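Asker: In order, the protein sequence lines correspond to chains Y and X. Under this note's numbering, residues 1 to 518 are what the first sequence spells out, in order. Under this note's numbering, residues 1 to 108 are what the second sequence spells out, in order.
No wet-lab data here; the hints were simulated from the structure. Keep in mind that the hints are not guaranteed to be accurate.
[What the hints assert, rightly or not] Pairs of lysine-lysine residues, derived as DSS-like cross-links and limited to a Cα-Cα distance of at most 27 angstroms, are as follows: (1) Y/30 / Y/115; (2) Y/167 / Y/311; (3) X/44 / Y/459; (4) Y/459 / X/39; (5) X/38 / Y/459; (6) Y/462 / X/44; (7) Y/311 / X/69; (8) Y/459 / Y/114.
Since the model is a prediction, treat every value here as computed from it, not as a measurement.
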Amino acid sequence: MIFEHAPALIIAFPLLTSFAVPILNRFGEKFRNFFVLLSLLFSLFFVLTLAPQVYSHGVIVYTFGSTSPGITLPSGYSMPIRITFTIDGMSIFMAFIASIVSISGLIYSWGFLKKERVGMDKFYSLLLLMSVGMYGMIFTGDLFNMFVFLEILSIASCALIAFWVHKGETSEAAFKYMVVSSIAALFMLIAVGIFYGQYNALNIAAIASMINYNLLDKIALSLLIVGLAMKAGAVPMHMWVPDAYGQAPAPITMMLVAASQASLYALFRTCFTLFGLRLDVAMVGWIIIILGILSMFVGVTMAIPQKDIKKLMAYHSVSQTGYMLLGVGVGLAVMNDPIAFQTYGMKAMEGSIFHIINYALYKGLLFLTAGAIFYKLKTRNLDEMGGIAHNMPLTTLFFIIGALAIAGIPPLNGFASKFLIYESVYRFNPLLSIIAMVVSVLTLASFVKVFHSAFMGPKMKKNVREAPRAMLLGMAIIAILIIIFSLFPAMVVRTIVDPAVIALANQGNYISAVMGGI
Amino acid sequence: MLESYSGYWYPLVFVSVFLILSFIVYILSRVFFSSAHKKGEQAKPFLSGNKETEKVHIPASSIYWGFIKALRGYYDVIIPFHTGNINDYMGAFIIVLAIVLTVVEVLT
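Produce the entire structure from the sequences given, and follow the hints as far as they go.
Answerer: Here it is, written out as structure tokens:
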């Protein structure tokens, strides 16, 4: 059955299509675009077919080229040595995000880059490779392949940040992103080497079953936490974010948001699945909480004085990443206290993981509206904008939806996830919850500034019309999802968020699914 | 209904109440304010008694200047920290790595 190979096919369709794009390009723009979309739709389809299996059977282990991930030597020694995809509720949750962001980013690109005549085959190849990198990082069951997919994702992202290479600033932003990504990947590789040297294994479950939290493991843990936190854009290692998000084409900025979340996923996987309760969870939890609080506060306060609309939004990305780090950090910090974990630790993680998908949606939408404004006005400077609402009513509507959601205004989805974070974090430490609420107020203030300066007032430029249909469609897909998530948050939490939280919290299930199948 | 540890959130109720209240406000405005002037001086926004000028738009860089001025001490530190120099980015990374390594090695 083809569905047995769904994990491989999710990667295979965009990967093969990415290399076929230069050939497809020769048959015309529409032909190429159709096949690129088709490959991403196939990936989404297989993610949707895989999800019920994961929710009903638990962890799915897919081994490339074999039925079992490991070998057993005549001596009886067993070890998972083959390349595996290990898919649980958290992986599927992240795969939904990667699918939605990739598809809407692609559709938006059709309109946004319509006037570009050169390099579009390379653009779509790299966009598909970004999807492959995200899916790979999310699904892989071994640390070395996580490094490989992180590199694929970083290289494709870097090239796309520099897509408008004739502008000097894009090359500079891409260079910075390349340096940051290379350093993060290098430190991850050192950590992988430390594990391999000690345990002769690369498989996450195999290492997790043997790990003993010695000095070398602590060094590897530190390298992974800091490297991945930098890739996720945590303060004070966030300074590449406004550079890269600000200069990349709008649909790529949206993809970069999901790419950063893949690093966040890797960070959570390291803490919960690789180390689990062998960690000093309180101490590591507090490290993540402090990174989260710093990210929230510095991100939002740096956003307020910005005049460049995309840089302003990029600083808000840093701030929103802080919420996710805060909730998961609290969950981790109380993990060895069963009562605290059951009462508010799980809820904090629930809120944070729900915030991941909410953030991907509303931040993606906001970057797309910023792209639509840039497409029409040819400027990102808020001082040069005004009265856009007169001419671009649909873009204005999408911006309002995104801005209210990011500010956590009820009844939008941002409120639902922040509500869970506030209440559960308050039980852990009221001060942290109060800081989170203040940051939310400042977020609203910042977006009021954008709304006033860009959309309100008299028209600053005449003859500005609404964005092209493909761009509106890309924004509409995201806006509809935001509204659905806003009206039915309990359904979303029950269906996709809770399985993700349970998957993260139950290290034993992950290990036994892989090690039990050898 | 989304339940937290100590409360719950039901957006459909919130939206329903919002729509009902909006409808009531609309009806009240139709009944009690039907005689309000829709044109002339009364319909114009009141800007502190100043004469209304055309095409006035406050630029983004002038918004929240008071907030930024009040937090000048903070912004004088945090803005120069964002140098845009990749060496400083790596410096921040190394410092955080050193702190995390120390905390994880020594305190755990």
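Asker: Evaluate each hint against the coordinates.
Answerer: Outcome of the hint check:
With a C-alpha separation of about 14 angstroms, the suggested pairing of residue 30 of chain Y with residue 115 of chain Y holds against the 27 angstroms cut-off. With a CA separation close to 17 angstroms, the supplied pair residue 167 of chain Y and residue 311 of chain Y stays within the 27 angstroms bound. At roughly 18 angstroms between alpha-carbon atoms, residue 44 of chain X and residue 459 of chain Y fall within 27 angstroms of each other, so this suggested pair holds. A hinted pair counts as satisfied when its Cα atoms are at most 27 angstroms apart, and residue 459 of chain Y with residue 39 of chain X qualifies at roughly 22 angstroms.
Simply put, residue 38 of chain X and residue 459 of chain Y have alpha-carbon atoms about 23 angstroms apart, close enough for the 27 angstroms limit, and the pair holds. Restraint check: the Cα-Cα separation between residue 462 of chain Y and residue 44 of chain X comes to about 24 angstroms, which is no more than 27 angstroms; the hinted pair holds. At most 27 angstroms may separate the alpha-carbon atoms for a hinted pair to count; residue 311 of chain Y and residue 69 of chain X meet this at roughly 21 angstroms. Taking the CA atoms of residue 459 of chain Y and residue 114 of chain Y, the gap is near 26 angstroms; set against the 27 angstroms cutoff, the hint holds.
In terms of the numbered hints stated before, the structure departs from none.
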